[in-house]
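*Asks:* Sequence order for the protein chains is A and B. The opening position of the first sequence corresponds to residue 1 in our numbering, with each subsequent residue numbered one higher. The opening position of the second sequence corresponds to residue 1 in our numbering, with each subsequent residue numbered one higher.
The set of hints was computed from the structure by calculation and includes no laboratory data. Just so it is clear, CB atoms sit at the ideal spot from N, CA and C, and this is done for glycine as well. Don't take every hint at face value.
Said to hold, decoys possible - In the EDC-like style, the derived pairs of lysine to aspartate or glutamate whose C-alpha atoms are separated by at most 16 angstroms in a straight line are:
hint: 1; chain 1: B; residue 1: LYS232; chain 2: A; residue 2: GLU302
hint: 2; chain 1: A; residue 1: LYS277; chain 2: A; residue 2: ASP314
hint: 3; chain 1: A; residue 1: LYS193; chain 2: A; residue 2: ASP159
hint: 4; chain 1: B; residue 1: LYS225; chain 2: A; residue 2: GLU345
hint: 5; chain 1: A; residue 1: LYS378; chain 2: A; residue 2: ASP389
hint: 6; chain 1: B; residue 1: LYS81; chain 2: A; residue 2: GLU345
hint: 7; chain 1: A; residue 1: LYS58; chain 2: A; residue 2: GLU9
hint: 8; chain 1: B; residue 1: LYS235; chain 2: A; residue 2: ASP336
hint: 9; chain 1: A; residue 1: LYS69; chain 2: A; residue 2: GLU9
hint: 10; chain 1: B; residue 1: LYS235; chain 2: A; residue 2: GLU302
hint: 11; chain 1: A; residue 1: LYS31; chain 2: A; residue 2: GLU196
hint: 12; chain 1: B; residue 1: LYS240; chain 2: A; residue 2: GLU324
hint: 13; chain 1: A; residue 1: LYS347; chain 2: A; residue 2: ASP389
hint: 14; chain 1: B; residue 1: LYS232; chain 2: A; residue 2: ASP336
hint: 15; chain 1: B; residue 1: LYS240; chain 2: A; residue 2: GLU302
hint: 16; chain 1: B; residue 1: LYS242; chain 2: A; residue 2: GLU302
hint: 17; chain 1: B; residue 1: LYS217; chain 2: A; residue 2: GLU364
hint: 18; chain 1: B; residue 1: LYS217; chain 2: A; residue 2: GLU370
Said to hold, decoys possible - Listing some non-contacts, in silico: residues in chain A with all C-beta distances to chain B over 12 angstroms:
hint: 19; residue: VAL47
hint: 20; residue: GLU98
hint: 21; residue: GLU109
hint: 22; residue: LEU177
hint: 23; residue: GLY184
hint: 24; residue: GLU249
hint: 25; residue: ASN434
Unchecked claim - So these bits of chain A aren't anywhere near chain B, every CB distance computed over 12 angstroms:
hint: 26; residue: VAL7
hint: 27; residue: ASP172
hint: 28; residue: ASP458
hint: 29; residue: GLU483
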Amino acid sequence: MNTKLKVSEISKIYPGCVANDEISLEFGSGKIYALLGENGAGKSTLVKILSGVVRPDKGEVFLNDKSIKLNSPLDAKKNNIGMVFQHFNLFETLSVFENLSIDSDKKNEDLRLSVNNILKKYNFKIDLDIPVLNLSAGQKQKVEIIRCLIRNPKVLIMDEPTSVLTEQETEDLFVSLKQFSDEGILIIYITHKLKEVLSLCDEVAVMRKGKVVSVSKTKEEKIETLANKMVGENLSTIKKKINNFKYSEEILKISNLNFRSDDPYETNLINLNFSLKKGECLGIAGISGNGQSELFQILSGEIITDYTSIKFRDKEISKLNPRERREYLMAFSPEDRISQAAVPELKIYENVALNNFKSSNFFEKGLVNEQKIKEHSKKILSNFSVNTDNVEMKSQFLSGGNLQKLIIGRELITSPELLVCFNPTWGLDVGAINYIHETLININEKGKSSILISTDNDELLKLSDRICVIYKGKLSKIMYVNEVTPEKLGILMGGGSID
Amino acid sequence: MIKIEKRNDVSPSIYFLTPILAIFLTLFGGGIIFYVLGFNPLEALKFFFITPISDLYGFSELLVKATPLCLIAIGLSFCFKSNNWNIGAEGQLIFGGIVGGGVALLFYGHDGFYVLPIIILSGAIGGMIFAMIPAVLKTYLNTNEILVSLMLVYVAKLLLDYLVVGPWSNPEGFNFPETRQFSESARMPILFDGLRIHAGIFITLITVFLSWLILYKTYLGFQIKVSGLSLKTAKYAGYKGKAMIIIVFMISGACAGLAGVGEITGPIGQLHRNISPDYGFTAIIVAFLGRLNPLGIIFASLIVALTYLGAETAQIFLQVPKYTGQVFQGMILFFLLGSDYLLFFKIKFLGLKKNEL
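Chain A on its own, in the form it takes in the complex:
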C-alpha cells in the first residue's frame, strides 16, 4: 500500500502572527518524517490542519493525488489520518476498553477481537479492563496509538510523543514506530528534540517562524547543523565547570520529610532526606506526577507539613510561609508561569511586587509605593534582557520566554542564597532556554545554590552538580553528575534500581 500525502501552499494567519506561511511539503509511505522546530514555529498549526482541528486560510491537502477537505477531526478519521496528541485525551476513570469503544462504531466483541490482534502483533502489554488512571504515561500513549490503529490509518501523526516518556519507553516507542513504517504507514513525527530526529527519522523538515526553511535526509545532518537551522543562528554551547563541594558549607538540610495528602490526585512524599551545599545545583529528575509539584510547594512553603524538618542556613523554617522564607533569602520559580508565578492580567510592575521583601519597601506602612516598584521593575527588565522597558504593560503580552526571564529576574535580583525552580524552561524556544541556562549556571558560579526540579534530562545533566530521581514520592540515591548517564536516569525514572 503506497500512500502519498502532499500539502500545498498552506497558509494560516492568526491576529498578529503568521502561523503557517505558504507551506508545501510532500510525504510518502515507508518513511518516518520529522517536523522539527522551536515552539511557535508553526508545527502544531500545520498538524492541527492535517488533523482537521484548524482550517487553513489558504492551500490544499492532497492524499494520493486527490484533494481532500479536512473540516473536522471526523474528516481526518474518514481519510485514515490518525493523530496522537502530546496531551492524552483519555477518561481516567474508565477502563482501557471503554475508552477505546467510545469513538468506535464497531460492536464490542469485534472491537475486542481487533484490539487483541493489535496487542499481539506489536507486543503491547496492556490490561484492557483496568482503569486508565492505573497506567503509566507510556501505556496511556499506547492506548492512544491503538485507538488510531483500529482504524487502519494511512497516516499517523505523533505530536511530541516522548515528552512524558522514560528513556526505556521512548526506545519501545521507536521500535513500534519503525514497525508501523515498515508496514506502509506514513509517519509524521513532530519534535524539537534533535537527537530523536537523528535516531528515528528518515527525512526532516525544519520549520521556523511559520515557514519551512529546509527539507533534507537525516543521514546528511548532524545535531549542530539541525540546531542552527532550527534557531537560525549559531548557538554557543555553554558548559558547566565541575566543582568539588567537599569543603563547602551546607546551606539546606531536609531530614525525614513526609507528606500525606487527602487528595487522590496528589502524590504522597515518603521520607525524603537530602542536603545542599553552597554554590551547588541539585537536580531532581523524574516523570511528571511523581511528587515534584508537592516537593516544590513544600520547599516554597505553599504546603506546610507538620512532620517536615527543613533547615535553611541552620534555621528551622518548616513553619514559614513563602513570603517569610523569602526574607531568609530563598527564591522560588514555579512550573506554572501563567497562573502561579505571574498573573497575565496584571501589569509587569504589579507582577514584580508579588515578590515582596521587608527591605524592598514596596509597601511602606501598608501603602503601595508604586514609584519604588516601578524602578525596581525597570532594573529587572534591563538586567535580564526582557524585550520591553514598559513596566505598565500587561504581562499577558509578553512571550513565554520573556515572561520567564521576568520571573527568574524577579526572583534573582535580590541575590538569594537558594533558588528552587521547577521546569524553568518548559515550553520555551531555544534562545530563551539558553539564556535561562546561562543564568542558572551563573548563580552557582557566584556561590549561590539551586535546586532544579525538571522533567528534561538534558537540562538536568547540563546544569546539575548532583542528581537524584523522584519516583512515586521517593528519592533515589543522590549521584554526582559525572557518574550519571541518561540510561541510568531512565531506569530510575521508571522505578527500576541500578545497583
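Place chain B on chain A using the hints.
*Replies:* Using the frame of chain A, we list chain B on its own:
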C-alpha cells in the same frame, strides 16, 4: 455554523462604557414593555425616570435610596474582587439593623451625643459578625459561601420577625408588628428641613473614599486584587488566604450593617418587618453595574435608586405595580451580562460550505 471565540484584548474604556450601553438598552426594553402594556413609551419612561427627580424632594429621595445601595455595593466589591461570593448582604443589613435597633431601644429615652455613634457602631459590628459566619465556615469547613450567606438572609429575616412581633414590640402599639419609635437622640440628623435626606450619606461617602484608598493604594488592596485573579499566585506569594477571606467578609458585612442601621435610624425610625426593600440583593446589581469600582458604584447606585423611585411614581400615575422597578433592575443586569458576554467573546458566523450540506 456559529463559533464563539474569546477576545484577547478588551480596551479599558469600552469596559467602562458597556454599563452605560446596558442602561440605554434597558430604557429601550422598558419602552417596549410599556408600549405592549398600552402606554405611550416615551411618556411612560418620562414618568419613570424624569418625573421622580424633577423637584428637590424627589432628588432628596433619590439620595435617600442611593445611600444604602452604594454603601452595601462598595462593601460587596471587596468580596467580589477577591472571588468571595457574598450574596447575603440583605441578611447582614437586617442583622445590623437588629443589633443597632436593639441598642437604640436600650437607650430609649436617653439623651446625649454619644447615643447615635454607639448605635451606628453596634449596627456595623452586627453586620460584620453576621458576615463572618459564612467566612469562617468557608475557611475552616470548606462550605460554599454562596449558599450559607444566602440562607442566613432568611435566618435574619425570621429573627427580625420574631423580635418585632414578640419581645421588642411596642407595648403601646396595639400588637402591630413594630417597635417603639426611637428617641430623637437615636436618629440620624436630617440635613434639610422638609426633606428626608440624612447624615447617612456622609457615612457612605467616607466609606467610598476609604474603600478606594484601601483597594487601590494599600498592600491589602493589592492582595485582594491578586487573590481575585489567581488564588494559586496568592498562595505562592505567601498571602494569608484564610485571613483575607475573613477580612473581606468583615468589611462587606460592616458596610451592610451600616446601611441597615442607617435605614432604621434615618428614614424609618423604628424596627418593623420591612426595613429593607431588598437593598442587599439589589446592591449586587449596583456593584457589577459600577464595575466594582468606587466611582462607578456611586453612579450605579444613583441609577438603580432611580428605578425604585420610578416604580413608585409609575404606580401612582400609570397604575402599574411597583414591582415594575424590579423588572427594570432585572433588565439592567440582563443587558449588562449580555453586553459583557459580547465584550469578552466574539461570535463568528461561518457560512455553510457546499460540502457540508
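*Asks:* Hint by hint, say whether it matches the structure.
*Replies:* Right, here's what the structure says about each hint:
no.: 1; hint: B:LYS232 - A:GLU302; verdict: 9 angstroms, holds
no.: 2; hint: A:LYS277 - A:ASP314; verdict: 12 angstroms, holds
no.: 3; hint: A:LYS193 - A:ASP159; verdict: 12 angstroms, holds
no.: 4; hint: B:LYS225 - A:GLU345; verdict: 10 angstroms, holds
no.: 5; hint: A:LYS378 - A:ASP389; verdict: 6 angstroms, holds
no.: 6; hint: B:LYS81 - A:GLU345; verdict: 14 angstroms, holds
no.: 7; hint: A:LYS58 - A:GLU9; verdict: 7 angstroms, holds
no.: 8; hint: B:LYS235 - A:ASP336; verdict: 13 angstroms, holds
no.: 9; hint: A:LYS69 - A:GLU9; verdict: 15 angstroms, holds
no.: 10; hint: B:LYS235 - A:GLU302; verdict: 6 angstroms, holds
no.: 11; hint: A:LYS31 - A:GLU196; verdict: 15 angstroms, holds
no.: 12; hint: B:LYS240 - A:GLU324; verdict: 11 angstroms, holds
no.: 13; hint: A:LYS347 - A:ASP389; verdict: 12 angstroms, holds
no.: 14; hint: B:LYS232 - A:ASP336; verdict: 10 angstroms, holds
no.: 15; hint: B:LYS240 - A:GLU302; verdict: 10 angstroms, holds
no.: 16; hint: B:LYS242 - A:GLU302; verdict: 13 angstroms, holds
no.: 17; hint: B:LYS217 - A:GLU364; verdict: 11 angstroms, holds
no.: 18; hint: B:LYS217 - A:GLU370; verdict: 9 angstroms, holds
no.: 19; hint: VAL47; verdict: 21 angstroms, holds
no.: 20; hint: GLU98; verdict: 31 angstroms, holds
no.: 21; hint: GLU109; verdict: 34 angstroms, holds
no.: 22; hint: LEU177; verdict: 33 angstroms, holds
no.: 23; hint: GLY184; verdict: 28 angstroms, holds
no.: 24; hint: GLU249; verdict: 27 angstroms, holds
no.: 25; hint: ASN434; verdict: 26 angstroms, holds
no.: 26; hint: VAL7; verdict: 19 angstroms, holds
no.: 27; hint: ASP172; verdict: 36 angstroms, holds
no.: 28; hint: ASP458; verdict: 27 angstroms, holds
no.: 29; hint: GLU483; verdict: 35 angstroms, holds
Of the numbered hints stated above, none is contradicted by the structure.
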